[in-house]
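S.K.: Listed below, chain by chain, are the residues.
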Amino acid sequence: MNLSRRDFLRLAGLVASSAALSACTAVYDRVAPLTEETTGLPPLAPRDFAALNRMTFGPSAEERERARRIGLQAWVEEQLAFDSIDDGALDLRLRGYKTLWQDADTLHSFSDLLFDDEDRATVPNELREAALMRQLFSRRQLYESVVEFWSDHFNITTEKGDCFYLKTVDDREVIRPHALGSFRDLLWASAHSPAMLTYLDNQDNRAGTPNENYARELLELHTLGVDGGYSQSDVMELARCLTGWTVKEHFWRGQFTFNPDWHDKGIKNVLGMKIKPNGQTEAEQVVEHLAVHPQTARFVVTKLARRFLGEESADLIERGVQVFLKTNGDISSVLRVVLLDGLTSDRSITPKFKRPVHFVTSALRQLNAQVNDFGPHLETLARLGQLPFNWATPDGYPDRAEAWQGNLLPRWQFAFALVRGETNGTTLDLSAFVQSSDPAAIADALALVLLGAPLPAAQRDSILSAMSDADTQTELPALLTAGILASPAFQWR
Amino acid sequence: MVTTITRREFIKSAPLVASALTLPAWMPRLAFAPAQSAPRGDTLVVVFLRGAADMLNVIVPHGETAYYAARPTLGIPRPDDNRAKSDLRAVDLDGFFGLHPSLHPLMDSWQAAQLAIVHACGAPDESRSHFRAMELMERGVDDERGPASGWIGRHLATLDTGNLSPLRAIGLGALTPRSLTGTVPATALRSITDFHLRGDPRAIAHMRATLDALYTEGDSLNTIGRETIGILDTLQALNPDDYQPSASAQYPDSDFGMSLRQVAMLIKAEVGLEVAAIDLGGWDTHFAQGSSEGLMANLLADLGAGLAAFHADMRDHADKLTVVVMSEFGRRTYENGSLGTDHGHGSAMFLMGGNVIGGKVHGQWPGLAEGQLIGPGDLAVTTDYRDVLAEVCLKRLNNPAIGEIFPDYQPQIKDILRA
Numbered sequence: 001m002n003l004s005r006r007d008f009l010r011l012a013g014l015v016a017s018s019a020a021l022s023a024c025t026a027v028y029d030r031v032a033p034l035t036e037e038t039t040g041l042p043p044l045a046p047r048d049f050a051a052l053n054r055m056t057f058g059p060s061a062e063e064r065e066r067a068r069r070i071g072l073q074a075w076v077e078e079q080l081a082f083d084s085i086d087d088g089a090l091d092l093r094l095r096g097y098k099t100l101w102q103d104a105d106t107l108h109s110f111s112d113l114l115f116d117d118e119d120r121a122t123v124p125n126e127l128r129e130a131a132l133m134r135q136l137f138s139r140r141q142l143y144e145s146v147v148e149f150w151s152d153h154f155n156i157t158t159e160k161g162d163c164f165y166l167k168t169v170d171d172r173e174v175i176r177p178h179a180l181g182s183f184r185d186l187l188w189a190s191a192h193s194p195a196m197l198t199y200l201d202n203q204d205n206r207a208g209t210p211n212e213n214y215a216r217e218l219l220e221l222h223t224l225g226v227d228g229g230y231s232q233s234d235v236m237e238l239a240r241c242l243t244g245w246t247v248k249e250h251f252w253r254g255q256f257t258f259n260p261d262w263h264d265k266g267i268k269n270v271l272g273m274k275i276k277p278n279g280q281t282e283a284e285q286v287v288e289h290l291a292v293h294p295q296t297a298r299f300v301v302t303k304l305a306r307r308f309l310g311e312e313s314a315d316l317i318e319r320g321v322q323v324f325l326k327t328n329g330d331i332s333s334v335l336r337v338v339l340l341d342g343l344t345s346d347r348s349i350t351p352k353f354k355r356p357v358h359f360v361t362s363a364l365r366q367l368n369a370q371v372n373d374f375g376p377h378l379e380t381l382a383r384l385g386q387l388p389f390n391w392a393t394p395d396g397y398p399d400r401a402e403a404w405q406g407n408l409l410p411r412w413q414f415a416f417a418l419v420r421g422e423t424n425g426t427t428l429d430l431s432a433f434v435q436s437s438d439p440a441a442i443a444d445a446l447a448l449v450l451l452g453a454p455l456p457a458a459q460r461d462s463i464l465s466a467m468s469d470a471d472t473q474t475e476l477p478a479l480l481t482a483g484i485l486a487s488p489a490f491q492w493r
Numbered sequence: 001m002v003t004t005i006t007r008r009e010f011i012k013s014a015p016l017v018a019s020a021l022t023l024p025a026w027m028p029r030l031a032f033a034p035a036q037s038a039p040r041g042d043t044l045v046v047v048f049l050r051g052a053a054d055m056l057n058v059i060v061p062h063g064e065t066a067y068y069a070a071r072p073t074l075g076i077p078r079p080d081d082n083r084a085k086s087d088l089r090a091v092d093l094d095g096f097f098g099l100h101p102s103l104h105p106l107m108d109s110w111q112a113a114q115l116a117i118v119h120a121c122g123a124p125d126e127s128r129s130h131f132r133a134m135e136l137m138e139r140g141v142d143d144e145r146g147p148a149s150g151w152i153g154r155h156l157a158t159l160d161t162g163n164l165s166p167l168r169a170i171g172l173g174a175l176t177p178r179s180l181t182g183t184v185p186a187t188a189l190r191s192i193t194d195f196h197l198r199g200d201p202r203a204i205a206h207m208r209a210t211l212d213a214l215y216t217e218g219d220s221l222n223t224i225g226r227e228t229i230g231i232l233d234t235l236q237a238l239n240p241d242d243y244q245p246s247a248s249a250q251y252p253d254s255d256f257g258m259s260l261r262q263v264a265m266l267i268k269a270e271v272g273l274e275v276a277a278i279d280l281g282g283w284d285t286h287f288a289q290g291s292s293e294g295l296m297a298n299l300l301a302d303l304g305a306g307l308a309a310f311h312a313d314m315r316d317h318a319d320k321l322t323v324v325v326m327s328e329f330g331r332r333t334y335e336n337g338s339l340g341t342d343h344g345h346g347s348a349m350f351l352m353g354g355n356v357i358g359g360k361v362h363g364q365w366p367g368l369a370e371g372q373l374i375g376p377g378d379l380a381v382t383t384d385y386r387d388v389l390a391e392v393c394l395k396r397l398n399n400p401a402i403g404e405i406f407p408d409y410q411p412q413i414k415d416i417l418r419a
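If you read the protein sequences in the order shown, they are chains A and B.
What the first sequence shows, in the numbering used here, is residues 1 to 493, in sequence order.
What the second sequence shows, in the numbering used here, is residues 1 to 419, in sequence order.
Be aware that one or more of the hints could be misleading.
Not everything, but these chain A residues come out facing chain B in the computed CB check (under 8 Å) [what the hints assert, rightly or not]:
no. : residue
1   : Asn205
2   : Asn211
3   : Arg336
4   : Ala403
5   : Ala458
6   : Ser462
7   : Ile463
8   : Met467
9   : Ala470
10  : Ala482
11  : Gln491
Calculated directly from the structure, the hints in this document are not laboratory data.
Idealized CB from N, CA, C, for every residue including glycine.
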């Protein structure tokens, strides 16, 4: 027997929107009586579950409980004030990664092996493991979600040249300090980031025959957007302003520096502004202009809405743009509007396909997995095509469902390996979620943990019939968990 | 025993399921266009060079003095330039154009007239943005208002070849290229061995039964899920380790070589492969791209060795095979100050196969002299890339629905292929 499309839509609709709830009363009726006693989890409206799923790497029991207790709006405010959320346990775990806090010069010496060889693996591996550890175990879940957003927006791959160690500095000094701060400061820091200048070839941008790479992406991907109204001439003139912006190669290797000998001393015209010859400050003047440009506001707010809401509602973006301009690009204020209007109002929530990182983290977080080895999960992410800091082109990992949907097999393999205990260094305790020996009740409880709602009866029965020979004590909860993780419903957030 | 819905049954029921009334707006639509029926044509392999390959250094116009003036450091020496070592010079094709020396393995297919080049080829878009250019090119449209699906996706959707294989279209890699997007699901396949389920037979049986119960019918995700299950079944018996390429073809030990090797294997195993899309990245050479040797020469060595091995391996299948190599745009004619090249305009395409009118550089060469270049100093486009792809669809894929594949364009057939 197979799940009918109607049942699937019921479930999707349920997770998707409160507006759809009235049309799905049959399912909703079954949500209500499930209580903390029957599931071990506090009851949470499916819509709030969906909202939490957008602002976390998968809602853990702690976030569910907190959001239920103080309400979603207060939860958003609490998360925006991330500095006051204690993250001591995570900080302690992160201490194992020594390279996270080292400066570029030290990182380079560390990687420099004898006989002219380089260790190009240790530093980026620690950075990737730390990123995954933070996504899984930070209590500042919204902050980490925004860090991921900016890591895509200002994408840098560790695979290009010295970026293998410079990205660690960029992550620490550019992305993380400004992720919920001022966009102007973030852009400024990124423009002066040795990793960015290396990644986009500005470290060798010299007068006479400028290199356009960084100048173009600064306009196209970081600020105005491809339709933002700049021309090829603006790209070339901005590239001239950026001549001489480079990275030290010997003493203080990996530090930003301005080389006046490489700088084009002529007058430039960028976006209708006449830029007088003034060394390093010429490009800085353009960065200041771009940081608060209305087109930048629109581009950034639209991308935030797409990431967190999965849609680009015109009126919401308009409000976000107004806040961006009024606050000179205060990211926290902009995000507050997007999240409160988009996720905590009665607006319906458009389902969004989970990218691989979210698929893996939400499975591990919602199941309260103990992870002591991040390597196997990074391998899964590599097979799924989303190893952190490994996207080659400056547009960042795609945010479209179609790019990811064709690659389901590694998701299934992850799910079944996880429940069979075949993932080295990761353990699950499913008994914490299973208080009954009735197969249907076990299925309901696990679905509530993973999907925020029990499965529609037809789908539940269909899955159970595929497992009819499994033993109820251990095998069935494991198989049901894998089945739900592998199901179409769990691929959406 | 769990019953498995066959693909044929699924397709039959799909139009019913896909009625607009039952679909919420967010779900990818399954709009089944009335399909043309025709026997399937060639297997199409599309290699996309991501990052805008510098085609002026790939198919070198060594007869142009302007080329050498614009590229004092990066230019590839003339085939008769005695100052350069012979293996660092362009390999002459026709007295005017030559191949980059790293591509010398392609000379076999060139001499067999199974390799054609279309130079000064590309798209009208002049944004010089990788992401805009790739998106428009893979969708086969002039601007964002065109259909969101990919041109290959629309080719598949508009032609009923009677082929119900779940492997009808695949993308080699972890992500599915935009060009394959559409109503016919395309699966991402990194390696055939990924699809071999190993371990406890009872555990595998549970996994298979569970997946069968979960992925049923309806939206694109469910469809892809069913396709993936179908591929699991199809590929169980195929072991890449046992594969012996014909004519002792040597695939390079690279992702690209692996991809082509697996495509060859799938074609020979007759599992219904119609289109394979392969991405090859690293072509955005703003910095230190090198000349006859260096960064780009290494990329080209991989490309050349891979295509040459594929050509040799597929010798007996050449009549039913077309390979297209393309990139989003070309690079600036003059080199920049960091021994690289910036974004340009006109590019080039390669076509390889038994019915290519090969051994010839097609297209009208616009020249590289002052006044012949466009924009900041870029090669002009004299052949729209859709002219080439439309001819492939018409003559080699048996698909006459060109108006649907390239909706806002009237292609001109340039006779690069035999029907």
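S.K.: Does each hint fit the structure? Answer for all of them.
M.R.: How the hints compare with the structure:
1. Asn205: holds (7 Å)
2. Asn211: holds (5 Å)
3. Arg336: At 25 Å from the nearest chain B Cβ, Arg336(A) fails the 8 Å test, so the hint is violated.
4. Ala403: holds (5 Å)
5. Ala458: Not OK, violated: Ala458(A) not within 8 Å of chain B, min 10 Å.
6. Ser462: holds (4 Å)
7. Ile463: With Cβ-Cβ at 5 Å, under 8 Å, it holds.
8. Met467: holds (6 Å)
9. Ala470: holds (7 Å)
10. Ala482: Where the cut-off is 8 Å and the nearest Cβ of chain B is about 7 Å from Ala482(A), the hint holds.
11. Gln491: holds (6 Å)
This entry does not satisfy hints 3, 5, going by the numbered hints stated previously.
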